[in-house]
Amino acid sequence: MKSNNALGPSSSSQRITNSEIDVNDVINSMADIEGHSGATVIFVGSVRNFGMNGKVKGMYYESYTKMAENKIKNIEKLAMEKYSIKKIKVVHRIGELALGNNSVIIALSTPHSKDAFKACKYILARIKQEVPIWKKEILSKGDEKWVDGKSIKTN
Amino acid sequence: MKSNNALGPSSSSQRITNSEIDVNDVINSMADIEGHSGATVIFVGSVRNFGMNGKVKGMYYESYTKMAENKIKNIEKLAMEKYSIKKIKVVHRIGELALGNNSVIIALSTPHSKDAFKACKYILARIKQEVPIWKKEILSKGDEKWVDGKSIKTN
Amino acid sequence: MTTQMMPIIRVTVLYFAYIHETTRKKEEIMELSTNTSIKDLVSIILTRYPNIKNIKNIKISVNYHIVNSNSNSILKNDDEVALLPPISGG
Amino acid sequence: MTTQMMPIIRVTVLYFAYIHETTRKKEEIMELSTNTSIKDLVSIILTRYPNIKNIKNIKISVNYHIVNSNSNSILKNDDEVALLPPISGG
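Residue numbers (the numbering used here), protein chains in the order written: chain V, 1 to 155; chain Z, 1001 to 1155; chain X, 2001 to 2090; chain H, 3001 to 3090.
Honestly, the hints are just simulated from the structure, not real lab data. Values in this document were obtained by computation on a predicted structure and should not be read as measured data. A hint or two may mislead.
To be verified - Once the Cα atoms are required to be at most 16 angstroms apart in a straight line, the calculated EDC-like pairs of lysine to aspartate or glutamate come out as:
no. : chain 1 : residue 1 : chain 2 : residue 2
1   : H       : K3053     : V       : D148
2   : Z       : K1057     : Z       : E1144
3   : H       : K3025     : V       : D148
Go ahead and model the full structure; you've got the sequences and the hints to work with.
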């Protein structure tokens, strides 16, 4: 696979991971002792016990990892330009997840609270529209079903 | 002072504290291994280096603690009824805070992400409108100024 | 002829934020005649502390509930009254 | 008369989510003639895997960029092509 990795300062860290998301680590990375930001908003998505196809006991996530990393980096970049983001961290987990496991975290800080909420919702919406990740519900009654998603949005 | 403490399941814990807010503890309390919720949104407010009166080196918060506790409990109760909140934790710190110190945390989980964002913004807005807390900017140039706030909203 | 004692009540009055910098105290206990209304108490406070400004923006609470500062409701012994200037939490 | 070798390119084709349950593989390397367009490749894939449904909802990427599935752009050696069904991240 080809490398295409030159997209801003935080491009070194992983956006797609096979491991558990360390929520505390992400939140601690938002700390800002110089007080550049006044508001931090964090969204954490987790596996719910009820899905598109009924009762769920787990979820399987798959990604086109290289493209997903690029897409998330680009969404971060656009959000940072659009809102006055001081710190940002976005991670999506893939693989097999149990109920309550965290699938995605979006954490960011801005000077003002309104921007923080807007930016967080903006990033979540674009992830759902553009990032090549798919999920399959592992249903309580035994079978598994891919979630009927949305065609990738291109602009 | 009189006791007026019968406002729902989580009324035992402190909403107003003199100590540092344990962000990790609050976030860990949102964990839900049964998967009732799919979305957690957390807002953290912190002391910014620039305020209403210029450059700031710290902030002093004062509260009418008993009334503030009651008001926050009531806001939580209203939010839980309005949105499908599964877990909630709101804490406001008072006393002298340094740059970057956290003054307030609002954490909650709901089945769907839209409700989580809406509920978090709703609670923050009502705190700013109704909860008897005052802040004084400790300015870099040496003096201190109470922030010109909003008259308490009554309904 | 005997001197008759005037019955009194005691209420706690709390001052917050910039107000306690004017009153130079955060709280005090006031002794009032039994038929003192909220409106009367506000007037007593403003007479004692004429430097309290913008009283229109200051809300009055009695036992943690906001009341109308012109209210003719009569205060009771042990009531807790507070002067709440515009707030700025968050 | 000498037999002339037809020049070929190799492209990697990736299948995701429900598509790889149809193709029964997550990726394969295809050998194509040098002048194969994106549109040609899509047609080759659909001929090989006729069970791939709703092709209109499936996006095609070449080297991580979404392309038009009717594009006449010619593929190059080592290109990475992916079939991306509707997504459901978050």
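Which of the listed hints are not met by the structure?
3
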